[in-house]
Structure formats: structure tokens, C-alpha cells
Amino acid sequence: MTRQETTIGVLALQGAFIEHIQHLELAVNSSAYDSIDFDFIEVRTETELSRCDGLIIPGGESTSISLIAQRTNLLEPLMRFVKDEKPIWGTCAGLIFLSKQIINGKPGQAILGGMDIQVERNAFGRQLDSFKVDLDFSGFTSNKVDAFPTIFIRAPVISKILAHKGQQERDVINSRNDYINNSKVEVLYKLENGLIVAVRQGNKLGTSFHPELSHDCRFHKWFIDEFVLKSQSTV
Amino acid sequence: MSQFEIKAGLAQMLKGGVIMDVVTPEQAIIAEKAGACAVMALERIPADMRASNQVCRMSDPQMIKGIMEAVSIPVMAKCRIGHFVEAQILEALEVDYIDESEVLTPADKILHIKKDEFKVPFVCGARNLGEALRRVGEGAAMLRTKGEAGTGDISEAVSHIALIKKQIDKALAMESDEEVEAYAKELNVSLDLLKQLIANKGKFPVVNFAAGGVATPSDAALCMQLGCDGVFVGSGIFKSKNPEKLAKAIVNAVTNYKDPKKILEYSTDLGELMFGVSVDSLKEREKVSTRGW
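Listed in order, the protein sequences are those of chains A and B. The first sequence begins at 1 in UniProt numbering and counts up one residue at a time. The second sequence begins at 1 in UniProt numbering and counts up one residue at a time.
Only chain B is shown next, with the shape it has when bound in the complex:
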């Protein structure tokens, strides 16, 4: 067993659960009471960051600390892509997980953080198999789809899940070592990791959650039925009119994701949901999912 198993192990404990973005201790308590298995502490939820058009950085540690003190479930926090000093600060603060996130403005346009050098585990976003395996190679102990954060539009997350699945199926169908080698080159990933993935029948060595655009219980159940291990909900909950009720409904829907009658019950009478921004209405440079490489 290695240090990696301790890091990936916590993500295994989060499975079948919902991780919620919160900006205050009060929201964190609502999330915990709703049954969230962890919270993501941040200054502004992605929908507001998207609207601000400003540089978005790691949150003030004071604010993250307030949330760590308010709840007993694991607390995650975001740092900028490639900003290993923000990650060092978050590790010193003793957060339970770091999200090297495309939602913040990237600090390094070439490299991601060398996550295996840290004791605290990392989660990273991916929109295709190449990104997913590169992040695992750098030491990520958990993956999530990128989706398109802050939109309330699930379509991008669905495309990322579908693309990764298609690429895994392609790798699994390969018959010769030469083909696999060529595919590793095409994806720009380590051949060892790709071979390992094939040996594991296409299963990642880490947990893979859905994220980016989840706004309803049925969005969450959709991602679960598509094979994700759990769900991140960002702006969806606290941009709705009745966050407590919606938070509980999403948690329930993730547990009973295979049961349409129950999802029907959880989807009923939730009040006004998050406003939505259709991904198609965004200009390419307005998308955050294209950040990271």
C-alpha cells in the first residue's frame, strides 16, 4: 500500500454522495444537514465568478477556516491550475482535499501541479481520456468531469462523460501493443497508465465524479446512471429559491438514482431553480472547461 491509497481512499468514501459548493459557514451547515458527503469552500460560486469577468483566485484562508470549523464532514478548497503555492497554503491549512480547478483563472498555461509531491489529496477536472490520465499521472487521487461550471446546463458534463467512455472503449478494443502505443501518443499520456487502464477493464484507478452544470435531482441521477461515482453541485443549490429542499432532494436522488418513482418524488415542488445559461450561448473564450491541458 502506498500513500496514494490513503488519498484515493477518502474519495472512495465520498462515493454515492454529493459534494456541494458553499461560500459561508451557514451554507456549509445547510449542506451538511442535507446529507452532503463533503463541501467545497469557496469565496464565490462559479455562476458569480463567471459573471464577474475578474481574475479568480484561491479563497481567503480565513473564510475556508470558518467553514472547516462549522462542519464535521470533509472540506475541499480550490486552487488555480498550476499554482502550487496556493496548494501549499491549502495543505498548511489542512483542508481535506484540494481541487485544482479550471473554474479559477489558471496560473500556469503549460503545467499542472505535481500532485504526488503533496500529502493532501487532489481532485482534478477532465473532459477527455487524455486529460484524465495526465491528471492521474501527476498524482490526482480523484477525477471529475469538467462540465461547464456555473451554467446550470448539464450538456457539457454529459459530453465529457460520453467522450471518456468512448475513448476507453476504443482502447479496450485494441488488439495489438502497437495500436495501444500509438493511442497513448495520440492522447499524450503515459503508455503504462493506458495499459493499466486496459488491464483494469477500463476502470480508472481513482473515483470519478460528475461536475459542472448539475442543477436538479434528475441531472444528478442522470450522471449516476451514466456511470459516475458521485456528484459535485456548484451553483445549482444556492442559486435556487429553496436551497435546503433542493440540497436534500439531490442527495436523495443520488442514493436512489436507479429508481424513477423516487426521483419523481424528489423532483416535485422544488420551487424556482437556478437560472440557466445555455452552453451554446457562450463564446469559446467564455468557457472554463477549455482551461487546463
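The following block holds chain A by itself, in its conformation from the complex:
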């Protein structure tokens, strides 16, 4: 039997990338993947990105991540990675970077345009408005992730699901990536106040919160199984 090799990258320009790598390692150690060799790598260059079967964009400062990506010539390769239909998961700042349109962005803040969503930066306010809450994700996760501890830190929310065409608004930043995601946007989770904090569109996943700050690797396991391994098996 040939062994399968799976490489998942974590964008390491700025932010909490080490935590994601640790969670990925925990997730594959905690269950049996007998025929797969996993490799989890920090991604700072085009060469590193080209090795990846899937990518996580971590939390951090979304302006920092975007500006550094542009300056280190990684923006175009990332946009191509999106277009190549590779699985990508963005958490917090990563969700902002992965979206097609943002509110409260800064001039020059380029975004990847992988999901047809509008994301509002710092939607809850400043650090004093950051919070934690246990949420039940068993409704959409195949491995029944319930009672999951989530932390929202100066978090964004998904403020709107976008139609493919014709939505030009003022005071927003649009991605210049011409990628069309042919899947439908699924709202995975809304808070009690109606704010959307988790969405999926095909093999792209976005969360406002930080599963990598919990001591629980089930969400990462779901990303590996449902997004990365499924994408690989259909190639």
C-alpha cells in the first residue's frame, strides 16, 4: 500500500501561527491515520506555499498580514492558491484576509477573495469587548464538536453573504482576485444575537474565533478530515 503524503501549511507572516501547527499535530496524534504522512509547515515563501495541500491563515493583525504578504511577494501566489481550489481555513484575521469584501479595512489592505462574504473588522469593539464562550458545533461538524471553548479577540464577523455580481458599496474594500467560488456559502454558526461567526463555501472555511487558543483540537481534526483529505481524495 502506498502511503499518502499530506502537507498543511500555516501562513506565518505574523500572528498565532505556531498554535495552529501545535493543534494540527495534536489532531493527527489523537486519532489513527495509518496510511498518511502528515507534514505541517510554516509558510513565508512561494516555494513553501507550493508544497501545501491545504492552508490555514491564522489570527493576528489583518493589516499586518496583508501588507507583509504584498511586500514579500506572497499576495499573488496566495491568490493563485485560492484559484487552484485548494482548501483554506481563515481564523479571525485570516477570515478577513480570505474574504471578498471588508468593512473597516485600511487603504492598501488587499484581500484574497476566496469566499463570497463581507467581513466587518473589529465588529465587537476593542480588547475590553473580547470574550469567551462555549459553543456547540455538533450541527455541522462530522466529528460532533460540542461544548467547544471559543475565544473572540477584537473579532470580526461575517456581516453579509455576497451575491456574485453587482454589489458595489461605498466604504468597503473589495478583493481584486477574479476567482469565482462555485459553491454556495453556508452559514455554519450564528451567535444568539444573530451575528454570523462561522461560514463555509466549498473547501473554504472561515471562523471569527480562535480554535487554536483552546486546549481542544477537534475543530482542527474536522478541517483536516472534511476539507484537506476530502479535497485530496477527489483530485
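No lab work stands behind these hints: they were computed from the structure.
Taking lysine-lysine and the DSSO-like style, the derived pairs with C-alpha atoms no more than 27 Å apart in a straight line are: (1) 33(B) with 65(B); (2) 258(B) with 166(B); (3) 160(A) with 190(A); (4) 241(B) with 287(B); (5) 114(B) with 132(A); (6) 114(B) with 165(B); (7) 106(A) with 245(B); (8) 106(A) with 33(B); (9) 106(A) with 65(B); (10) 106(A) with 241(B); (11) 109(B) with 283(B); (12) 184(A) with 144(A); (13) 132(A) with 203(B); (14) 119(B) with 132(A); (15) 261(B) with 245(B).
Here are some chain B residues the structure puts well away from chain A; computed CB gaps all over 10 Å: (16) 44; (17) 166; (18) 176; (19) 182; (20) 199; (21) 205; (22) 260.
Glycine residues also receive a C-beta, built at the ideal position from the N, C-alpha and C atoms.
Guided by the hints, dock chain B onto chain A, whose structure is given.
Positioned in the frame of chain A, the structure of chain B alone reads:
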């Protein structure tokens, strides 16, 4: 999960990033455009405070507010060591992080602020393991080396990083509980915290940044290679001739700190840098890193 994880969590998001001292909204915008992951709002940068020889206090809230309105990245502000009312004011102002800083004139010569009583997170300086663990014990959600602020001389920050590492290695090598107990006494820290540090293989429960004397992209990369999680740059940027270019270069160098070819590119043609004050030329009482206990 506790409130502490929300506080320490923001610091985790700042990792691999550069936090820049700014004194005006215009400087804050330059910092944000350069890719700073946060700014430290203050009235005077440490180099000027050092030169003034005056009592240095919390900045005017009006000035901090102007900076909070100008940028969308987190804004930190400094209060004096032990001055919990300045901290209360900064919390009421809703800054994102408070730096209980030795750069300002200490208000209490014995006690630091009880930081766990606040909802806003705190960062504190440390020059040895004892200071670091005492600050964590008081509720600091982020640490930084003290270095010697306002000098442009990186040597003090390097010594603090090295000393802390040496002291952690010493703790990790201990074989008996008695040794650990004695070391906790020697460092004047809680035994629980020291045991926790050893159980975590020497890793602090909070993020640890470099600060104090960072003036160039290579200074920043040096601190990263020595194991820091990110970098504070104080006077270095806005005391140079081309702040925009230098700010970007330092941000880039922190991301690519392991890549000498890239650091070479970022270090080239930066124009005139900050003047430097060698730490050795300072009298002991002129050092700010000796403040705090």
C-alpha cells in the same frame, strides 16, 4: 478558560509582529501602514524622556484618544510602575493593553500593580526570571525584556534575554523538589509558578517580546533568533531620517528573521539611523532598566 486567556490571547495575536512607539496620530498611521501589529501611544519617546530628566507620567488621555481614533490596530499606553489609578484611567479610556513601564518614573518603590484585578491586559518588562515570574504572578498577560529604552543600544536587551534563558535552563536541570524550592526562594517567586514553568519545559504562560534599544532590522531579527516572540521598537523608528522605510524594514525583518538574504535586503540603504547612546556610558542611576523590582 479564564479571563486570563482572553488577555493573553491578544498578545498571542501580536506574535511575530512589531509594536511601535508613536507620539502623534500621524506617526500611528505611518506605523499601521508599515505593518505594525500594534502601537504604543505616548507623549514623548523614551529617548526624549531620557534627555529631559523630568518626572515622566502617563500621557494625556486626549493624545492617546487621538491615536485610538486614527488607527484600527490595537493601541497600548504606558502607566507608571505601581500607579494603579493611571491604570484605571487607561482602562476607562479603553486602551487595548497597558504597559506598566519602567520608562516612566515609578510611583511605587515597593509594589507593582495588581494586574489581575483589571479587565484590560498588561504587559510588563523584566530583566531576569525573578522579575518575569513576579509580573506573571501579579497578572501580567505579556512580558517584554526591559533592555535600556531610548538608547538604540541592543546590548542590554540581549543580556536580559540571555540571563532569563540561563535561569530557566538552571531550573529545568534541577532534580529534586528541595532544589526547586530553594531556587524559588532565591528568585523570590511563587513556587507554584516556578514548578509550572518547569512542567511547561521552560515556556512562559505568556508571550515574551524584546524591547529596549532595538534600532535596526538586524537588531529585531537578532532578538527573534534569540527566541523572542516579537519586538517593541521605541525611539529607533521616529528618531531616524526615514521612519517609513525603516518601519517597513523592521516589520519585514521580524517576519523573515531566519533568512539572512532577506535581512540583507531590508538593512540596505535605510539612511541615517537613530543616534545611539552606549549603555556603558550611562551612570547606574541613569538606567531605567533598574527600575521595578
